[in-house]
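Q: Here are the chains, one letter per residue:
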Amino acid sequence: MPGKRKPYIREIKACWWTKLPFYRFYMLREGTAVPAVWFSVLLMYGLAALSSGPEAWACYVSFLAHPLTALLNLLAFLAALLHTKTWFELTPSALPLPEEKKGKLVKGLWAATAAASLLVLLIILCA
Amino acid sequence: MNTEPKRSNEPIFWALFGAGGMWSAVFAPVAVLVFGLLLPFNAGPGEAFSYERLLDLARSFLGRLFIFLMIVLPLWCGLHRIHHCLHDLKLHSPVVRWLCLGFAYTLSLVALFQVIFI
Amino acid sequence: MAEMQRMTLRVSRYNPERDAAPHLELFEVLWDDQSSFLDALAYIKDNLAPDLSYRSSCRMAICGSCGVMVNGEPKLACKTFLRNYPEGALIEPMANFPVERDLVVDLSSFLEFIQALKPYIIGNLRKPEDGPNSQTPAQMAKYHKFAMCINCGLCCAACPQFGLNAGFVGPAALTLGHRYNLDNRDFGRKERMPVINSEKGVWNCTFVGYCSEVCPKHADPAAALQQCKAESAADFVASVLECIKKKEARHAG
Chain E
36 MPGKRKPYIR EIKACWWTKL PFYRFYMLRE GTAVPAVWFS VLLMYGLAAL SSGPEAWACY
96 VSFLAHPLTA LLNLLAFLAA LLHTKTWFEL TPSALPLPEE KKGKLVKGLW AATAAASLLV
156 LLIILCA
Chain Y
1140 MNTEPKRSNE PIFWALFGAG GMWSAVFAPV AVLVFGLLLP FNAGPGEAFS YERLLDLARS
1200 FLGRLFIFLM IVLPLWCGLH RIHHCLHDLK LHSPVVRWLC LGFAYTLSLV ALFQVIFI
Chain H
82 MAEMQRMTLR VSRYNPERDA APHLELFEVL WDDQSSFLDA LAYIKDNLAP DLSYRSSCRM
142 AICGSCGVMV NGEPKLACKT FLRNYPEGAL IEPMANFPVE RDLVVDLSSF LEFIQALKPY
202 IIGNLRKPED GPNSQTPAQM AKYHKFAMCI NCGLCCAACP QFGLNAGFVG PAALTLGHRY
262 NLDNRDFGRK ERMPVINSEK GVWNCTFVGY CSEVCPKHAD PAAALQQCKA ESAADFVASV
322 LECIKKKEAR HAG
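Residue numbers (the working numbering), protein chains in the order written: chain E, 36 to 162; chain Y, 1140 to 1257; chain H, 82 to 334.
One chain only, chain E, in its complex shape (with noise of 0.2 Å):
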């Protein structure tokens, strides 16, 4: 007997993530990776300036206090925290540990944070 069956198949559109807030969350997520690239060029374009000289380097600067630069690494700021919640929440789903376990480990990530920010901003402030 011929088969009466005709599948449909249904387009996935570009814009699929919009429709359920879990999805929007996920590409916000992803997302944070913008700005985390950003940053980093900025970091490589004053080592240039560092290595370039005094001149350079207060061009840098001026070019950072510069509102726009201040507003976007603001958000860089916001998305690196963003990026440091939602990191440390997967991270125990990728490690085939008990349930209780699991707990301990995220409370020790955002320990060992504390930690090394404290000593970053120690070793950078306390000239």
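Errors might be hidden in some of the hints.
[To be verified] Derived pair list, reagent style DSSO-like, types lysine-lysine, alpha-carbon separation capped at 27 Å:
1. H:298 / E:54
2. H:199 / E:54
3. E:137 / H:226
4. E:137 / Y:1229
5. Y:1145 / H:326
6. H:298 / E:139
7. H:226 / E:120
8. H:126 / H:160
9. E:54 / Y:1229
10. H:126 / E:41
11. E:137 / H:126
12. E:136 / H:208
13. H:226 / E:136
14. E:139 / H:226
15. H:126 / H:199
16. Y:1145 / H:328
17. H:226 / E:142
18. E:136 / H:223
19. Y:1229 / E:41
20. H:199 / Y:1145
21. E:139 / H:223
22. E:39 / H:126
23. H:271 / Y:1145
24. Y:1145 / H:327
These are calculated hints, taken from the structure and not from any lab test.
Here the structure of chain E is known, so what remains is to put chains Y and H in place on it, guided by the hints.
A: Below, chains Y and H alone, put in the same frame as chain E:
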């Protein structure tokens, strides 16, 4: 179904992504705070952000290592994510992949030269 | 008994013999606090549209047949209640699968993918007279969560990569494969890794995580896939080392 399918080379880039993601999670907030928001407004005690002091710090061994990792690891994490995000937005082609990974690779090489010859 | 209330449901209809594409049809259903979407579909079929097609069997969230999209979210119709949708709801067939008719989708590729991961014990030479295999609680805990899967396919309907990447075996198949890789009674890892490592395998996953959110049995496929990635990466390193060793041996020989 093909019994010996082609092995994906994604583990290499996933390992870099994982290392970069972990590094960023720990160090990016404080790094952006210090270099992106405090430094330009000289919001530190005394000569903390003076040119000479920063140059000295950057030329120390730990300084070079930290700056290199702070540039390169987030790049590999970020461009891996951007590549997959573009794929999610249906911009998928080997060209996009090689542009993203090529960008990370090139900037990594440049950063390596920068920290060596600063 | 409480008074029955009325609610309008929008249901996706598709008749392959007549329709070029699916379209929505409105139905007014009677419901009370205990009505599930499966009850509502049965009400429509009994009273309003006898030709409505949908799958179901156990009506108690164990057979995994009645997966549909409710307001765009993958749900088991029997485990989702109208009382949580007082404004009415949209019912569509599971996303990322071809629509066969109305709410019935074609699951043949899904079943093929599950078979490809060989979700059964392989290579255990123990005979009945040897007695049962022993397994400690700790050994069982490794895979127990992943063994909760009922093959309903909701994770695949939730996974954008399953929809975007033709050939991706998807979260369900990989979770089941990983479940057997973690089982100390099983010796079939070598047969499963090539599929997991391949371009159809785990590397399509970007850890969206919605699969674990929608799983009605909390099998946590997202976690299984991240663990699969770690294993696949280790397998990659092992294969590179093996390749180097072989080259050295050829050089020496």
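Q: Determine for every hint whether it applies to the structure shown.
A: Hint check:
| no. | hint | result |
| --- | --- | --- |
| 1 | H:298 / E:54 | 24 Å, holds |
| 2 | H:199 / E:54 | 34 Å, violated |
| 3 | E:137 / H:226 | 15 Å, holds |
| 4 | E:137 / Y:1229 | 35 Å, violated |
| 5 | Y:1145 / H:326 | 21 Å, holds |
| 6 | H:298 / E:139 | 25 Å, holds |
| 7 | H:226 / E:120 | 25 Å, holds |
| 8 | H:126 / H:160 | 19 Å, holds |
| 9 | E:54 / Y:1229 | 16 Å, holds |
| 10 | H:126 / E:41 | 22 Å, holds |
| 11 | E:137 / H:126 | 47 Å, violated |
| 12 | E:136 / H:208 | 37 Å, violated |
| 13 | H:226 / E:136 | 16 Å, holds |
| 14 | E:139 / H:226 | 20 Å, holds |
| 15 | H:126 / H:199 | 38 Å, violated |
| 16 | Y:1145 / H:328 | 21 Å, holds |
| 17 | H:226 / E:142 | 23 Å, holds |
| 18 | E:136 / H:223 | 13 Å, holds |
| 19 | Y:1229 / E:41 | 26 Å, holds |
| 20 | H:199 / Y:1145 | 18 Å, holds |
| 21 | E:139 / H:223 | 18 Å, holds |
| 22 | E:39 / H:126 | 22 Å, holds |
| 23 | H:271 / Y:1145 | 15 Å, holds |
| 24 | Y:1145 / H:327 | 20 Å, holds |
In summary, the structure is inconsistent with hints 2, 4, 11, 12 and 15 from the numbered list given earlier, while agreeing with the others.
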